[in-house]
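Position chain R against the provided structure of chain P, taking the given hints into account.
There are 2 protein chains.
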Amino acid sequence: MKTSIELDTKEVGKWMEWLAAFGATENGGVTRLLYDENWRLAQHSLLQKMNEAGLSTYFDGVGNLFGRLEGSLVKEKTILTGSHIDTVIDGGKYDGAYGIIASLLALDYLKRHYGIPKKTIEVVSLCEEEGSRFPLAFWGSGSITGKYMRGDCKGLYDARNISFSHAMSSMGLQSDREQVKRADIDCFIEIHIEQGAVLEKEQESIGVVSHIVGQRRFTVKVTGESNHAGTTPMCYRKDSMHLAAELITYAINQVTDIDSQLVATVGKIVASPNVPNVIAKEVTFSLDVRHHQEEVLDNFCKKIFAYFKQKSIEASMNVEWEQWMDIKAVEMDADLRELAHSIVQEMDIPNRKMISGAGHDAQVFGTYCPSALLFVPSVAGVSHSPEEHTNLEDLKRGIIVLIKLLHRLAY
Amino acid sequence: MKTSIELDTKEVGKWMEWLAAFGATENGGVTRLLYDENWRLAQHSLLQKMNEAGLSTYFDGVGNLFGRLEGSLVKEKTILTGSHIDTVIDGGKYDGAYGIIASLLALDYLKRHYGIPKKTIEVVSLCEEEGSRFPLAFWGSGSITGKYMRGDCKGLYDARNISFSHAMSSMGLQSDREQVKRADIDCFIEIHIEQGAVLEKEQESIGVVSHIVGQRRFTVKVTGESNHAGTTPMCYRKDSMHLAAELITYAINQVTDIDSQLVATVGKIVASPNVPNVIAKEVTFSLDVRHHQEEVLDNFCKKIFAYFKQKSIEASMNVEWEQWMDIKAVEMDADLRELAHSIVQEMDIPNRKMISGAGHDAQVFGTYCPSALLFVPSVAGVSHSPEEHTNLEDLKRGIIVLIKLLHRLAY
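Protein sequences, first through last, are from chains P and R. Residues in the first sequence are numbered consecutively from 1, following this note's numbering. Residues in the second sequence are numbered consecutively from 1, following this note's numbering.
Bound-form chain P, shown alone (with noise of 0.2 Å):
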């Protein structure tokens, strides 16, 4: 293939913008829920764009779009690259649409410049991955794996109370027919917003992912006594505040200490009665906690939570804690990871391996067959906002690296 690839910078800007006009809210970010008229659009106006550049497509049985290049080797599996066309609520214009639109550029560029190749390779617009709407994430990548079953989606209902059997139906697919699980995928491709900093400070412009982390997310429990915070001496006090501070403080201090790569977030706490003169009786607060070794989240929940009872034996007071998240981490495909490095460093890209601290469709992919995850930069790390954005020079870089991919895997 051409060593050089030319894309017109201003056309990938205007296809960005082109999607982004679907459920374009007045902050200038997007909304597009999972089976909302914006969703509806922007599948169909996809599926008209994909028929245009002469690929056949198709919808499956829960809205995940298709658009495919038939390959000239006919027993060969599918190639599926892409990502998801949901977002949450007043999210960007770039989380999983970029993904969505590089995809279709690269194949239209393939097709245009090399014609049919041998292996068959689909573009896909994943019906969901956020979980904004229905409490049910990865509902594209996990119908497509069998990661879901149909009926999964039974008895969930949205913030207006719509169930989620009522939103498939209006959008003219019935959620009772067949299971939509597939058994011809080679393997997935996703390119995605990085979502975080890291690339931006380490002035890189492609990350190749070695793996996605695995979350643990709990809910720590404090309980101690409410009394008047003039007339309870400090001796006499269960102060559950105070202890609640005493734990997170001792939490996030222990992360850099077992690992670099390992993060902790106490992002939401409660207090009851929560007012300035009431000693707290009760403060909640989240815990969650990420890394791609088990090994690691292992340790450093064993340790902050043997640190929890100790302080709450001292206290005299009781220190709870549930355990409502545990995902796995997933490796991507280390041939994949292999390829997708030696291009970037062909082109001479700045360039990192790196951990995706954020849940992707890959993921999903990632279990069930060989999978890739490039990340371009998000700058300033901003993500889920209507200030979410990425330079046009490195969206369009991370096209040609997935164009160069995907012609050494299909061509």
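Treat each hint with caution, since some may be false.
Same chains, same names: a pair is fine if it fits in one copy or spans any two.
[What the hints assert, rightly or not] Think about it this way: if two alpha-carbon atoms lie no more than 20 Å apart in a straight line, the pair counts; the simulated SDA-like pairs of lysine to any residue are:
id	residue 1	residue 2
1	LYS281	ILE89
2	LYS238	GLU387
3	LYS238	ALA380
4	LYS353	ALA137
5	LYS49	LEU156
6	LYS268	THR223
7	LYS118	PRO370
8	LYS238	SER226
9	LYS281	VAL382
Since the hints were derived computationally from the structure, they do not count as laboratory data.
What follows is chain R alone, placed relative to chain P:
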């Protein structure tokens, strides 16, 4: 006077229940707010009881109710005794109410057993202390002592948007009439529940208050950067929750080192955006500090705010604090304290000199005339709650001490 005073314990209990019926809540508590219908019924029913006890009764211009036992030495000033009739929302039966009932029963006893005193004594049912309906506390004692002018209630509204002036006029009180400040008060004696657990824990029945604490309240705001909990390495974080937890831990840990009678409370905390998977951009918390010596309060504040500043610089985050309350400590009158102490000693009642950590009408009177504040125990220290309770024997014992004290002062 007789060394032994006989009071019917059951009768004391009946009086408490009688007053608690005005504004009784479903929970077994009391809600009696300034100028509401329950307040009106309670004040007018008390007026009737005062009349039945042979006291001459009157309301002042803000709704403080007085029952006067005229002394024989007409040029002498008036000894005032009582407490406040209003409650917090769903408060207890004893806070304020006990002081009024105790004073009324004391005057009734003195009049029946000893006739006309030398000095005039008035029992007062102060209209307001808690600040539960309008954002203005100590309206009753503040109006008598000249802390408040009549116009100070202008422009204040309750939660239902009823103006203070309208609430007053609906009780037949005119907010624009003359000031109610009095110049004839000799001293003020208040008996109140402790609202703390010190007397109970130390197995004592009467507390003779030496000081009512000074109170300083602050709002502390820590501003960091909101970022993705997964994609932001620890070294790039400006985690306002982590820093807030460190500041709270430090502040509370300093208290007992500085002074055993110092108390500090972080009762309220609010994080933003307050979701588990986002690093908190901003954490705001309250800080309530109390002690009876300005110097101790100064030392504490100086120490912790120096630390807050240092940590703010180290973390490159903004830490701001705003003081929104500065109530100076008030010392109770030494002679009255000594007299009260000698009485409880003579009666062989286990007692202690103590600091009041809560605010009381006696602190408003304390800057205006010699004042005394006596405490009876609160079961488990509970107050401002339907569970607020004091044992009948303790209630009775307090009334007897009050009778003896008033006898020594007025006869």
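Evaluation of the provided hints:
no. : hint            : result
1   : LYS281 - ILE89  : between (34 Å within a copy, 19 Å between copies)
2   : LYS238 - GLU387 : between (43 Å within a copy, 19 Å between copies)
3   : LYS238 - ALA380 : between (42 Å within a copy, 13 Å between copies)
4   : LYS353 - ALA137 : neither (26 Å within a copy, 63 Å between copies)
5   : LYS49 - LEU156  : neither (32 Å within a copy, 63 Å between copies)
6   : LYS268 - THR223 : both (17 Å within a copy, 15 Å between copies)
7   : LYS118 - PRO370 : within (19 Å within a copy, 100 Å between copies)
8   : LYS238 - SER226 : within (8 Å within a copy, 31 Å between copies)
9   : LYS281 - VAL382 : between (36 Å within a copy, 13 Å between copies)
The structure shown violates the earlier hints numbered 4, 5.
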